[in-house]
Amino acid sequence: MKKRLILYKLVICVTVISLSGCKPPRNFFEDTDDPGLSRLTSREYNIVTAYINDSAYINPYNYNATNNSGGNSPVIIKVIHTNSTMDTLTIAWQIVPNDTANNISWYSNITLSMPVPKSFSASDFLMWNGKRFPQDPTTVTIQLGQYGSATPTGDGSIYFIKLSPDTTYQTYIFSGLFAGNIDGIQITKGRFDFKLSQSDITF
Amino acid sequence: MYKYLIPFIFCIIFSLALKAQPSLTFATGIAADINSANTNETFSHIPFTLIWKPSSRPKSSFFFKIDYAIPVSGNNVGDAYTLNPSLPAMVTLPETVRPYLFTVSLGLHIHLYTSENKSIFFLDILPVGICSQNFKVTYKNYDKVNYEVLNPDVDLKNSGYVAAIGVEYLMHMSNNNSLAIMLHAQSPLAAGIGDYDMTYRYVAPLQLTVGYNFFYNKKRK
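From first to last, the protein sequence lines stand for chains R and C.
Numbers 1 to 203, taken from our numbering, label the letters of the first sequence in order.
Numbers 1 to 221, taken from our numbering, label the letters of the second sequence in order.
Derived by calculation from the structure, the hints in this document are not laboratory data.
Hints may contain errors.
[To be verified] Subject to a maximum C-alpha distance of 20 Å in a straight line, what follows is the list of computed SDA-like cross-link-like pairs (lysine to any residue): (1) K131/R x V91/C; (2) K136/C x S44/C; (3) K140/C x M90/C; (4) K144/C x Y63/R; (5) K140/C x D33/R; (6) K195/R x D33/R.
The model shown is predicted, which means the values in this text are computed figures rather than measured ones.
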């Protein structure tokens, strides 16, 4: 009886330990040429990194240990309907400094905005696979969300390197480069790699 | 685990060397990768082999083998992208992958046949070996300021257990030493490539080497 009790406790301990090691992966693989930034990938790692005035930023890792859920914060893609002749497509990420020694950040998010026709749909978005912007007549605006301050806006650029279905044909690889300049604030070497579901691009 | 393996190996070797006539073999040749998982790169090497046999018993004996292989091929391509509108959006860069191999093995000669001129065929079984594989990756003509390689391969160094099997032919020479011709096939590392995927996999070399086997510390009859 005593031996069986010890065995049960051992099995429970091993199970708990093994389950606690199965956190959603961070998928941060550092680019040795650009310290603090992730490598440019198209593997659905759900990661975005960039330099803001030469400081590395990354999307935060949100993990709920209670139900073992969470992971890297997602990309938010939506079309904002306006009263003008064009709507606005926005691509936004939360960001935090990629420096464990310094968690203080002026910036909370990055948003890229592009004018799109009123009829813009998911299939139009997927046609941007392999395209760089700005590309006449489509411009790119970049915004930096700042804590307790107005959101500065400037000129940006984005390259949709991979915007195509993955091997499952149920989700999409969303991978590329971005950069921008906002009144002297330089956003450089930005790269993103995300897995998009159908609902993420339902406009 | 390695700290127990190496003293154990030395205990076996020295216990056999007490009443033995040891020999050494130096050999070199060519090696090709036979790991079918390496579909993107074709690796080939120049191996340098040192074999120490603590005993000259003709029928069978343990031996200690050290291999160092210098890579001579392993090419692929990588695509690099840029936001700079004045440059081509995408370029294809030549990629070189060079895996350096260092292996230490403990094996057993199994005598197969002795000819009239005292030349001997052996079956070599090497069930215990530790191999270190060190991959060096470079991209040629890579403008790191403007371009980023997509899904880049990176350097990787890892060690792990390997096993090998092969045949050896010792051609008897007039001075009682031998010309050694050997063919050995080694498994890839029993280890994972890591969480970040590469286009290359661990090397499983098939080595053809030719060398010279000689006895030292010969006993007087």
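Structure-based check of each hint:
no.: 1; hint: K131/R x V91/C; result: holds, 14 Å
no.: 2; hint: K136/C x S44/C; result: holds, 14 Å
no.: 3; hint: K140/C x M90/C; result: holds, 15 Å
no.: 4; hint: K144/C x Y63/R; result: violated, 34 Å
no.: 5; hint: K140/C x D33/R; result: holds, 15 Å
no.: 6; hint: K195/R x D33/R; result: violated, 25 Å
Of the hints listed earlier, those the structure fails to meet are numbers 4, 6, in rising order.
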